[in-house]
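Visitor: For the record, the sequence lines run as chains C and V. Start counting at 1 in the first sequence, then tack on 62, and there's your number in our numbering. Start counting at 1 in the second sequence, then tack on 547, and there's your number in our numbering.
Honestly, the hints are just simulated from the structure, not real lab data. We put the CB at the ideal spot given by N, CA and C, even for glycine. Each hint can be trusted.
With a straight-line Cα cutoff of 16 angstroms, these simulated EDC-like cross-link-like pairs (lysine to aspartate or glutamate) come out:
(1) K100(C) x D883(V)
(2) K887(V) x E113(C)
(3) K893(V) x E145(C)
(4) K860(V) x E145(C)
(5) K1006(V) x E963(V)
(6) K201(C) x E725(V)
(7) K217(C) x E608(V)
(8) K1045(V) x E1057(V)
(9) K634(V) x E669(V)
(10) K100(C) x E848(V)
(11) K134(C) x E113(C)
(12) K673(V) x E703(V)
(13) K201(C) x E641(V)
(14) K100(C) x D847(V)
Some chain C residues judged to face chain V by a derived CB distance under 7 angstroms, without partners named:
(15) V142
(16) G152
(17) E155
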Amino acid sequence: MISFILMVNKQGQTRCSKYYQWLPMEERVALESEIIRKCLSRSELQCSFLEYRGYKTIYRRYASLFFIIGTKPDIDAAQVGGENKENELGLLEFIHNLVETMDKWAGSICELDIMYQLEEVHFILDEMVMNGYIVETCKGATLKAIDLLERESRKGEAMFK
Amino acid sequence: MLGHDGSFGYIKAVELAASSSIIHKRTGYLLCSACLAPSHEFRFMLVNQMQRDLSSSSILEICASLIAVTSIITGDMVPAMQSLVLKMLDHNSEIVRKKAIIAMHRFHQLAPESVEKQELVEKLRKVICDRDPSVMGSSLNVIESMAAVDPKPFKELVASLISILKQIIEHRLPTDFEYHRVPAPWIQMKIIRILAALGKNDSNASNGMYEILGETMKKADVGINAGYAVVYECVRTITCIYPNSTLLDAAADAISRFIQSKSQNLKYFGVTGLAAIVESHPQYAEAHQMSVIECLEDRDETLQRRTLDLLYKMTNPVNVQFITGKLLDFLRGTTDSFLKEDLTTKVCSLAERYAPNNLYVETITELFAISGEFVSQEVSQQLMTLIAEGAGEDEDADADTILRQHSVTIYADLLEKPIAKLPQLLIETMAWVLGEYAYLSADYTLEEILNKLCELVRKGKQLKESTRKIIVTSIMKLVAQAGTCPPQAAKIIDDFSKSKNQDLQQRCIEFQNLITCAPHMLGEVLPVDASCEDIQVDPDLSFMDAYVSQAIANGAKQYENLDDDDDDDDYDLTGSAKASVFKMTPYAKPTAPGASYTSSSMGGVGSNSPHIAGTGGAPPSGSYNHSQHNGITSANTTAPANEPQLNVRNVANVWGKKPANLPTSTPIAPEPGNFSAPVPAPVPSNNWSTTTSSYSTQQTSQPPSESVKTEEQLRKERMAAALFGGSAPSNAPGIARRRAPRTTVAAPVAPTLAPVQAAPTGPAPVVLPPTHPAPAPAPVVDLLDFMDDSTPIQTSAALDVDVLAPSPIEPAPVADPIHEEPAVPTKPDDPFAASGLFDGFSDAPLSSLQADSTFEHNGQSLVPLTITTAQFGEKWGSVPHASPISTPSSKCTTLDSFMDVCKSVGLYNIEAIPATNEGICGGMVGGTELVLIHGKISGSGISTKVDVTIKSTDATLGRCLAMYMQNLIR
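I would like the entire structure built from these sequences, with the hints used as guidance.
Guide: The structure is reproduced here in structure tokens:
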């Protein structure tokens, strides 16, 4: 299952992070900086997967922004000694799917969109991934939920203003 | 928050979650789930809010709550939320339903006791048939996760899963679910993964899957990543479920395309896919040897790690040496503690499962040294048990001795290293092994080891109490074995008799009393090699009978048995315990190291002798080895094909292919080209990987002269051969643990040795007369006049016999006479003419009168050993002790001068190869001890350097000769 999803830029600044397993803040900071360092040290010719502290990590770079997904063995399966069964290539494509979804949402997604509409990005992620599992990969369905949310909030504003 | 503590704001986040604005609410929940630790009390404050939102009429509020539930709730809160979430499973909005099922699963993860599994499974069955594909898709996550633990409740879903998958690949889902024209790839992957869990070890369930899997794989293969991901998932499932050959072939085909792909990502998939398939079907690895080797050397660490994982999975008794070697190499190079831990467990399990005993000891010792902190106590216990008990088969007493001897050699060498770097566990193991078996050491005397152990305790201030205890006990054992108590040992025991540790103190005082009052009992209290003997208590105290009857005769009172007399009981117990430990008969003396080694090492662990030699010596450069291995191989191949009795070299084949598929009967006399080789085999410290590879290359590599491949390619091929040695279907990989390979080898090897050993004792007198016409040796030896004038003649006689010996005792005559021909190398009528004794000795005194004369050892001179190159090659591997010397030389600037020196020492010049400036010589001392020499001259003029490797059946002999030769050459 997915343990965390990170969006980190080339300078190592985390733009968005989402953890599906609890990690104390200090550990998150350490983990993020180490992982991005590892990602940056890899060339285009190397594969998009790396193992880090027992996490199977998948990363993909879009311009200056890295999308990083860390996975661990499933909680249930880990109790019986199961391995991490995540399909790396599947997750790599999932990152692309996420970016495509965000593209559709923001027109053409860029780092600034993520910075300034962070909560919306989180909402999109919430629609697509829950409790570490991919629940929605259909762009239309994801964006429909976001659209509903936006419309609802606008309605509220109209009422009070 | 920006590196600052934001906890002051958490309460605001909780307040925000209660906001009426949906955006605010979501943001509040979001913040809480991101920031509140599981133990944070604010989480409880949210339960009420979440409950309220769940009962709301707005879909969005329900969703906000459901999303928050998965990350905020803890085990105690489950009962409060459960019933509400359960209702949501029947909500009429699909957005709610798909979240509700995940939330239910989360509850199950957190508090399995409060969520009925049965009930959840029932709900899942319903949800998976939901009319909305998204809901179905999210329920698959839950099924997958639960089926991985217990597939049983989901078995009946196989049919529905298959039909869902069928609909998906037939593009029946809305086009919105397509990703780059692959229909819902993630849902496909998930279904396929669930099928793997359900079809595992279940041929019934698997049967139904074959068709759909094949179809899915075909349809997914559209040349984009998403498609490959599905294909890969199919491959994994195919290897997991009950095997089907058509599908396996398809999977193997996909893997080979992956692994040969230019894309690193696909290569990664190729390697992991291969790892999945080789575990149960090793034959598929064969085709990808080179690719695997390339991946192993890839610059990409991820790929390397995956490849190591693959290696781990394809280990079998044949390639275990190579693979553990690789793992250890990697272990040495890494600093990542996760990886270290992982590799350590892997190496342990591999060594335990497959490695032959000697290798096991070596590997584990190495492991201790590299990553001692990750090795568990059990491993060291197991190691000691193995050394003590041997393999548990009685007929193999020899092998046990060798194993112990070998371990003692390893650990004695360890003593030389600074202890600060060794982990405690290793020191403990080392101390125990030395304490028990130090007498087996070939290189050190008991006293030397004793002194070193004393040193260790004295210096080792940082040692733990328990470790020190073990060392001190070992010292006591050694004192008992040696029979004398050197002053250092006495001092240490004295020191520790004041130790704060009671146990240690008691041991020391007991020992002191023993040694002062009853030194003769020492050997019985601390017996040699009795660590696994059961202590039998003699409750009757029969050994006291004589004493008792005497006492009674003297008028003592009869003993009345008082059941409640505790004091007496105590006394009795100690007395009787001793009685059983005591062995009244003396222990059989351990066989003299030298002798036992000759026989048993050749017979048993020939293949291991290189490492014995290697542990001490410095590793030579890798390229040097590589350049020569080819030769060994070819020299090797010639021998075993012909006759059973040359099998000595074949021992090496444990690590390689069985020689069965070798070209038939090549003549025994090798071409000179081949021949540069036999020599370097002994050396390297990482020897096992390299030697292994050389031995098993028989199939792939060709003699260097014919080879058109580059050195690099050859090296890789060799690695591949070492690696894939056992994966051919012919060698079933399942051969039992450890012992198997060794025993099988031991059998064919034993007879070969017979001639050498039997020679001097057996037919010696018969052939004695012919020695007389050769008086030359005697005067030469006299020149030096070392010890005993009479011996040289005798020994030379004995030796001459030996030269001849192979024919009378030859096992070959029993077999095919044609086979005998190559077995006994061209043996002319006159042994002396053949052996070159004559020219050798007539020349020697004249040309080099200075100090040159034949070498003597223990009063017996070194005499030439007339053998052919092939025989040399085959003996080389089986001779255990190597003493390499490398020295600049002014005297031996050419190969000829070197060969002359050898001749003058008393060796037979077997062959000189001017092309490579190498020469080999053979000699024998006392009719039993073999000496084999390989020399290589490099450089010219004043910068000439001579590298000589002296192999001998006796370690001291080898060392002496090495020193002697070094002086001569220099």
